[in-house]
Amino acid sequence: MPSTTMRSSSSSLSCGERSGSISWLSSTAKHIGSPTPSSTHKRPNKLTAAAEAVLAALRVFRALCRELSVRAEPCLAKLGPIRRVDLKAVEILKANGRWPLNGIAPILGPVPGVEVGAEFIYRMELALVRLHRSPEHGIDYDPVSGFATSIVASGGYPDLWNFSKGVLSYIGMGGCPGRRNGEARDQKMEGGNLALKRSMEEKMPVRVIYGFRNLKQRTASVFVYDGLYTVDACRKVIGSNDCFVFEFQLRRMEGQQPSSSKREFEMMKMFRKWQQRSARCASKKLSKGKLSIETEAVMKLLS
Numbered sequence: 001m002p003s004t005t006m007r008s009s010s011s012s013l014s015c016g017e018r019s020g021s022i023s024w025l026s027s028t029a030k031h032i033g034s035p036t037p038s039s040t041h042k043r044p045n046k047l048t049a050a051a052e053a054v055l056a057a058l059r060v061f062r063a064l065c066r067e068l069s070v071r072a073e074p075c076l077a078k079l080g081p082i083r084r085v086d087l088k089a090v091e092i093l094k095a096n097g098r099w100p101l102n103g104i105a106p107i108l109g110p111v112p113g114v115e116v117g118a119e120f121i122y123r124m125e126l127a128l129v130r131l132h133r134s135p136e137h138g139i140d141y142d143p144v145s146g147f148a149t150s151i152v153a154s155g156g157y158p159d160l161w162n163f164s165k166g167v168l169s170y171i172g173m174g175g176c177p178g179r180r181n182g183e184a185r186d187q188k189m190e191g192g193n194l195a196l197k198r199s200m201e202e203k204m205p206v207r208v209i210y211g212f213r214n215l216k217q218r219t220a221s222v223f224v225y226d227g228l229y230t231v232d233a234c235r236k237v238i239g240s241n242d243c244f245v246f247e248f249q250l251r252r253m254e255g256q257q258p259s260s261s262k263r264e265f266e267m268m269k270m271f272r273k274w275q276q277r278s279a280r281c282a283s284k285k286l287s288k289g290k291l292s293i294e295t296e297a298v299m300k301l302l303s
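Heads up, the sequence shown is in UniProt numbering, so the first residue is 1 and it goes up one at a time.
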């Protein structure tokens, strides 16, 4: 690989001039969220075209995130501290014209290729598979229809979960409830809060993703898609910061893969195993000088 340099400008994060184009993400992600072709049938041990596209995009995105974490390449070693490697990965992809979701309309209801119980390591993977587009906000919505598309319940606000009964008490966005820093203020019925209220009034389903955190981390470490919920009620209450907040009552729709009250414990075990496995894989690849197909694609992108 020729020597490369990383420009510090956020508008251009490619390592030098691109020496060729790779279309791994553009070619696979164009199928993400698209209906599965009628000619594709679900067979044992066979994935649909949409599911294969989702997995292919996730594999390479995770490979790029791992390279950013290890930073063995000279162009990556020059980067300063990275708080979230997933956001940096998206910046690199956008700078190279490889982020495929620009201008694509959000999806209401289920996302083809994403099964209930699907697990995600990075927050921006939710955006990549079109499950939840916002990198930080807990409520995502379609500005055209005005309906909420999805919510992420990760403990940032004092949400109450009841897995056994499929019930979620979700605090709306804004106002900094439950946060130590920031000026507390009343929440407003606008943006995501208004979208959730409209979904309640029109009985539109909302995707729910739970974020589980490692005890040593402040942000969620593992995200799990729990399926479709309906918004049953909305009320204005006094929050823990003595300001008004909106409390939404959501209920899991029947006929879906069952939830598990032990999921948080299982997710923590899975996350620790993933950490150990990815660390071992990175160590072996660096020591042997061999790269996986996904990592080779990432290196082509950065070259």
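Keep in mind that the hints are not guaranteed to be accurate.
[As the list claims (entries may be wrong)] Subject to a maximum C-alpha distance of 20 angstroms in a straight line, what follows is the list of computed SDA-like cross-link-like pairs (lysine to any residue):
id, residue 1, residue 2
1, LYS165, PRO106
2, LYS197, THR230
3, LYS197, PRO81
4, LYS165, LEU68
5, LYS197, CYS234
6, LYS203, ARG251
7, LYS197, GLY255
8, LYS203, GLU136
9, LYS203, ASP186
10, LYS165, GLY192
11, LYS188, HIS137
Derived from the structure by calculation, the hints contain no laboratory data.
Results for each hint:
no. : hint            : result
1   : LYS165 - PRO106 : violated, 29 angstroms
2   : LYS197 - THR230 : holds, 11 angstroms
3   : LYS197 - PRO81  : violated, 40 angstroms
4   : LYS165 - LEU68  : violated, 40 angstroms
5   : LYS197 - CYS234 : holds, 7 angstroms
6   : LYS203 - ARG251 : holds, 12 angstroms
7   : LYS197 - GLY255 : violated, 24 angstroms
8   : LYS203 - GLU136 : violated, 25 angstroms
9   : LYS203 - ASP186 : violated, 26 angstroms
10  : LYS165 - GLY192 : violated, 25 angstroms
11  : LYS188 - HIS137 : holds, 15 angstroms
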